[in-house]
Amino acid sequence: MVISYREALNLAMREEMERDLRVFLIGEEVGYYQGAFKVSKGFVEKFGAERVLDTPIAEAGFTGLAIGAAMAGLRPIVELMTFNFGILALDQIVNNAAKVRYMSGGQLSVPMVIRGPGSAAHQLAAQHSQSLEAWFCHVPGLKVIAPATPYDAKGLLKSAIRDENPVIFIEAQLLYGTKGEVPDHDYTLPIGKADVKRTGGDVTIVAYSKMALLALEAAEALSKDGIEAEVIDLRSLKPLDTDTVLESVHKTGRVVIVEEGWKFCGLGAQIAETIYEKGFDSLDGPVVRVAGEEVPMPYTRPLEDLAIPDKARVISAVKGLL
Amino acid sequence: MNDFLTLYRDMLLIRRFEEKSAEMYALAKIAGFLHLYIGQEAVAVGCIHALRPDDYVIASYRDHGHCLAKGSDPKKVMAELFGKATGLCKGKGGSMHLIDVERHFMGGYAIVGGHLPLAAGLAFASRYRKEDRVVLCFFGDGAVPSGQTHEAFNLAALWKLPVIFVCENNRYGMGTPVERGMLLYKDIAERARGHGIQAEQVNGMDVVAVKELTARVVNMIREDPQPFFIEASTYRFMGHSMSDPAHGHYRTREEVGEARKQDPLILLKTRILHEGLGTEADFKQMEKDVIETVTGCVRFADESPFPEAGALHEDIYVE
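First to last, the sequence lines map onto chains A and B.
Residue numbering for the first sequence follows the working numbering, beginning at 7 and increasing consecutively.
Residue numbering for the second sequence follows the working numbering, beginning at -3 and increasing consecutively.
In case anyone wonders, no lab produced these hints; they're calculated from the structure.
Be aware that a few hints might be false.
Examples of chain B residues toward chain A, derived with CB under 10 Å [stated by the list, open to error]:
#, residue
1, Tyr21
2, Lys25
3, Gly90
4, Ile95
5, Glu98
6, Arg123
7, Asp128
8, Leu151
All of these numbers come straight from a predicted model, not from anything done at the bench.
Note that CB positions come from ideal geometry on N, CA and C, so glycine has one too.
All chains should be modelled from the sequences, with the hints used to inform the complete structure.
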């Protein structure tokens, strides 16, 4: 069946909440409003207000509450209206969710998902347009996922909910309406496994989330010029599937990494380091990064367009390597 | 042993355990931060005596007393302070992060105010599962101005969560006296009432009063889930941590001396003798037993091995 990314997320949560009574959804506007982006449409009617909890605007408080509930054996899904607001919950996520297992010498675990959209939409300005995945990837104890398609979104969200660890699940506002094929049957996808979304022998483009779709568009355009790009959609950012990346690098010898986040200390720097360390001999040129500009996101459209990687920049980065 | 003597013995264990910890710190057997609870024992012991074993307790970084009062093996606690593999948390938590899940002691947390939302979450889980467990959450007066504290208060009140917030007002947030941390410092309980939470004050040096109040509150919220706030006025006889001498630069020797006259151990002992609930011989015996226990703790911790290098990368994820 062809469904939207939003519907895929809705189905994943719905199936898991039907399957396991310990799973509940908590966040701002997830109940009667049906979710700020309508991801939890129909949930409060189906599961009741005990399992679909509208919260006040207090991210640290309700994220911390969910962590405490997970420590006691429940399996919360926290919806952050956007990951920008997750900054308010960073203390809870970093100091409690990620560390309590280690600090307790393995006595406690925090089986929970913290999900919501990251990255820019259109003209939402500096405080609502950030790609903060690198922050979370930095922290031992967390897993980080950022799927690009409805198929990946559904399979990975179900795995995240079943995982025994805290999982940061980053969606994107501009992906919610995108559509794709999703099987009718129940399935999950493994966390920590990248997906080769397009094969090619001339260059490897590594990307994730919205940027994976951008990489595919760029690859189609390059194909018309006789350049065949292999597009790797990481899907999971932590743990990172370095094997799949390195395998492709061995084949192509050239790599472009595309990410929407700020370049300095961004995720691409880590991926490049992995390639240099383990795939240096396969490289025919430097690893090239296309990343977000080092600026707070401007409101006005012409400047915003300049701040976010686009197809032309990806194409030009690839051509510069060949 | 009657209830009063048990209360005394449990406080004495914490007192002697911590005095020994300070000694071990001076010998560099214990390192890092060590925040002693000496002077405040009546709060943890009085409150926790009013609980069932399956009720949850969660505390701040000054957590030795709460952990011991919840019944953790003092040998494992000392081994944890020594950083040994036999410690409560295999040496990975240390003084500030004692955790004993079997005893439902859910931990010591070292970001001020950060564990109050966790306490609300433990209480939420109890309600969600339709259990009647309650949660005791301990924190200092220094946590009251924190934003997370008030987010937790609001959620607990809004969702009628069975959590007792116990503010141990020892009058100092590190070196800052409470009156320099809050405009409305005279009645901290008022801060909780502002969220619609019932609150009471109690003399935190009187272990019997603490226990009686807590028992009444526990009975009430087990029947009718809702949060409650207890302000226990107490005093920390030692410095904030080991780097801070007992009176420091922020309070006078005289002030500390005055507070020591309200030592919870002395108050209870006087009462027990006065009311004929125990004899000098009982106290001598308890002293002897506790010293023996604490000496055994040090021996156990000393003889235990440090964790193997392989432990470094264990316990990060559930595989």
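Quick rundown of the hints versus the structure:
1. At its closest, the beta carbon of Tyr21 of chain B sits 20 Å from a beta carbon of chain A; the interface hint therefore is violated under the 10 Å criterion.
2. Because the smallest distance between the Cβ of Lys25 of chain B and any Cβ of chain A comes to about 19 Å, over 10 Å, the interface hint for this residue is violated.
3. Proximity of Gly90 of chain B to chain A holds as hinted, the smallest CB-CB distance being about 8 Å (cut-off 10 Å).
4. A least Cβ separation of about 4 Å between Ile95 of chain B and chain A falls short of the 10 Å threshold, and the interface hint therefore holds.
5. A distance limit of 10 Å between C-beta atoms decides the matter here; for Glu98 of chain B the minimum to chain A is near 8 Å, and the interface restraint holds.
6. Interface restraint check for Arg123 of chain B: the shortest CB-CB distance to chain A comes to about 9 Å, inside 10 Å, so the restraint holds.
7. Annotation: interface hint on Asp128 of chain B violated; nearest CB of chain A at approximately 14 Å, more than 10 Å.
8. Because the closest C-beta pair between Leu151 of chain B and chain A is about 5 Å apart, less than 10 Å, the hint holds.
Of the numbered hints stated above, those contradicted by the structure are hints 1, 2 and 7, listed in ascending order.
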